[in-house]
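Asker: Sequences listed follow chains A and B, in order. Take the first sequence: its letters are residues 1 to 267, numbered as in UniProt numbering. Take the second sequence: its letters are residues 1 to 288, numbered as in UniProt numbering.
Among the clues, some could well be false.
Here are a few chain A residues that sit away from chain B, every Cβ distance over 12 Å (derived from the structure) [stated by the list, open to error]: (1) E68; (2) L98; (3) Y110; (4) K113; (5) E127; (6) Y142; (7) D170; (8) D205; (9) Q225.
Cβ-Cβ distance ranges computed for the label pairs, FRET-style [claimed, not checked]: (10) S147/A <-> I279/B: 49 to 59 Å; (11) S183/A <-> P285/B: 28 to 38 Å; (12) S147/A <-> R281/B: 56 to 66 Å; (13) R281/B <-> S183/A: 28 to 38 Å; (14) W52/B <-> H131/A: 25 to 35 Å; (15) F36/B <-> P237/A: 38 to 48 Å.
The hints are simulated quantities; they were obtained by calculation from the structure and are not laboratory data. Just so you know, even glycine gets a beta-carbon here, dropped at the ideal spot from N, CA and C.
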Amino acid sequence: MDALTLATKPKSSDIAIDNVVLRYGKGDNAVLALDGISFHVVPNEFCVIVGPSGCGKSSLLYLVAGLEERTGGMISVGGKPVTEPGPDRGMVFQAYTLFPWLTVAQNVEYGPKRKGMSAAERRAIVEHFLHEVGLAKFANHYPSQLSGGMKQRVAIARALANDPQVLLMDEPFGALDSQTRHSMQKLLLRIWDHSKKTVLFVTHDIDEAILLADRVLVMSGRPGQIKKEIRVSLPRPRSMDLVMEPNFIAMKREILDLLKNDEDEEH
Amino acid sequence: MTLAPNATSPISHIVTTSVETNQPGRSAWKAVTTPFRAVSRPLSITLSVLVWGAVIGGWFALTYSGAVKEMFLPRPESVLSTTISMALDGSLWEHVLASVQVVLIGFVISSIVAVPLGLTMGTYRIVQAALDPLVNFIRYLPVTSFVPLFILWIGIGIEQRVAVIIFGIFFQQLVMIADSARSVQRDLVNAAYTLGTKRGDTVFHIVFPATLPNVLDVLRVTMGWAWTYLVVAELVAARSGLGYISLKAMRGFQVDVIFMAIAMIGILGLCTDQLFRGIRRLVAPWTN
Ligand SMILES: Nc1ncnc2c1ncn2[C@@H]1O[C@H](COP(=O)(O)OP(=O)(O)OP(=O)(O)O)[C@@H](O)[C@H]1O
Ligand SMILES: [Mg+2]
């Protein structure tokens, strides 16, 4: 049981993004995706990024994960500059990225296995996290036998099982219907509540952003910059009913206006 | 039993089922003409038996009607009796064994090198940059034109036939395996990195399992080509093997022996094909 307590022990880092620039390509074909973006996410914070399509949200997460090389500026996680990908920054991708050749259980234990944990430790971790996402019965299924929502739940379990300090989520529920989406949001909040990871979450669903976030960062169109940050002080635990509340609606209107302005500027 | 694979809404489901129950004949027709839809096992077996029956029936018709002289096309039963007599005196097995041996040795040597090298080539651009132009040049050279060279260099022993097979399939395997490695979904590799996979482990932990079903298909297909090149090698320089006996039979106008040799190669090919499908089911169960 030692591994389990280790895996669920609250442990998280801050994310510091300072004047980051990202340019894709060279010469005439160069695309300036991010132009001098700066913000700071404190440990345990649930930070959500919204912004128009193509403004560089995914690129930003890839930079923090170390999967993309920044053109300029500085990113550090837990005080350590990001130079390459590592298991301290878990990521849930927008596309399905479960390993199709591994069963659900093997997918979840992939990270712990790379760390050299024993089979018994891994079994305890797999059991815990599959139970957490409600897929204990599907441990021996292959990803191809799961629905989209189930795949994303496994992907979340897989990222958490590796006990990262930071969880990066790129529109993880984007492909799901609204009902599945709601139950996934509840699930994520419940897990976040007791694992206390730092979360950087990208979405284009404004309800989702307000419902989940401690803070919403609104980005402007390309080249991406932070246009405004909105602190969400709604009490937790939050329920879906919040979407009817006046201050929820006020926040939603504010974010919509910010995004709309951006559209107008572009035209 | 919905007809449209994506009809998930309850209403469309009701509509399609009612169509099915009202017009069963029409829905069966619709079912078998729906692209990519599976057919039942009895139906698929019946169909393949029918096609085989038609081919063999056509063979009987051509020979018995006298439309084709027996010198060019032997009667089915004379091919069968030749096969039986050669099987009984053991000469058939000797030749089959000789051919199988050459194909297997050539195929195994080629695959052992082509699989890891192909995966490396598809994964690392630097390896690809180094090898691609050369491999693509050699790949288009006709194997047959190298047979005399091989005889000059390595004589007419089994090594020469093995060399022809390796030369025939190695570069094709390499290119196809590199292609499938290159098309591994990039975010799969990215996900592996965020889970602690080291850069140097990517080929073994991600690229290899991700491409395994493809690699097995490449091996299955090139195994078939190996049989083709075997005949090329045996036609020119060999003292045993199925290609050799067809050449010998042609000199003596024994068309039935040629047919037997061709049929034997076909049967052996069919067997190895099934074997590979079985292996694929066994080692890549997630694709079933
Ligand atoms: N590999 C790449 N090469 C060149 N340009 C790229 C590459 N990846 C992204 N871009 C460009 O960078 C910009 C930001 O892309 P990114 O995927 O980060 O946007 P996004 O905010 O995640 O959009 P969406 O909401 O549609 O997912 C886009 O304009 C895109 O064209
Ligand atoms: Mg994106």
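Asker: Does each hint hold? Answer for all of them.
Answerer: Outcome of the hint check:
The Cβ of E68/A does not lie farther than 12 Å from every Cβ of chain B; its closest approach is about 9 Å, which violates its non-interface assignment. In this structure L98/A is not separated from chain B by more than 12 Å, as the shortest Cβ-Cβ distance comes to only about 8 Å. Interface exclusion of Y110/A from chain B breaks down, the closest Cβ pair being 5 Å apart, not more than 12 Å. Distance check for K113/A against chain B: the nearest CB is about 9 Å away, which does not clear 12 Å, and the non-interface claim fails.
At roughly 19 Å, the least C-beta separation between E127/A and chain B is larger than 12 Å, which holds for a residue marked as non-interface. Distance check for Y142/A against chain B: the nearest CB is about 4 Å away, which does not clear 12 Å, and the non-interface claim fails. Here D170/A does not stay apart from chain B, with its beta-carbon only about 10 Å from theirs, under the 12 Å limit. Chain B leaves D205/A outside its interface by the beta-carbon criterion, the shortest separation being 21 Å against a cut-off of 12 Å.
Every CB of chain B is more than 12 Å from the CB of Q225/A (nearest about 25 Å), matching its label as outside the interface. In this structure, S147/A and I279/B break the distance hint of 49 to 59 Å, their C-beta atoms being roughly 30 Å apart. The given range of 28 to 38 Å is respected by S183/A and P285/B, whose C-beta atoms sit roughly 30 Å from each other. Our hint of 56 to 66 Å for S147/A and R281/B is violated, since their Cβ atoms are close to 24 Å apart.
At roughly 36 Å, the beta-carbon separation of R281/B and S183/A lies within the given 28 to 38 Å, and the hint holds. In this structure the supplied range 25 to 35 Å is violated for W52/B paired with H131/A, their Cβ-Cβ distance being about 54 Å. Distance hint check: the CB atoms of F36/B and P237/A are about 46 Å apart, consistent with the given range 38 to 48 Å.
Checked against the numbered hints given earlier, this structure breaks hints 1, 2, 3, 4, 6, 7, 10, 12, 14; the rest are met.
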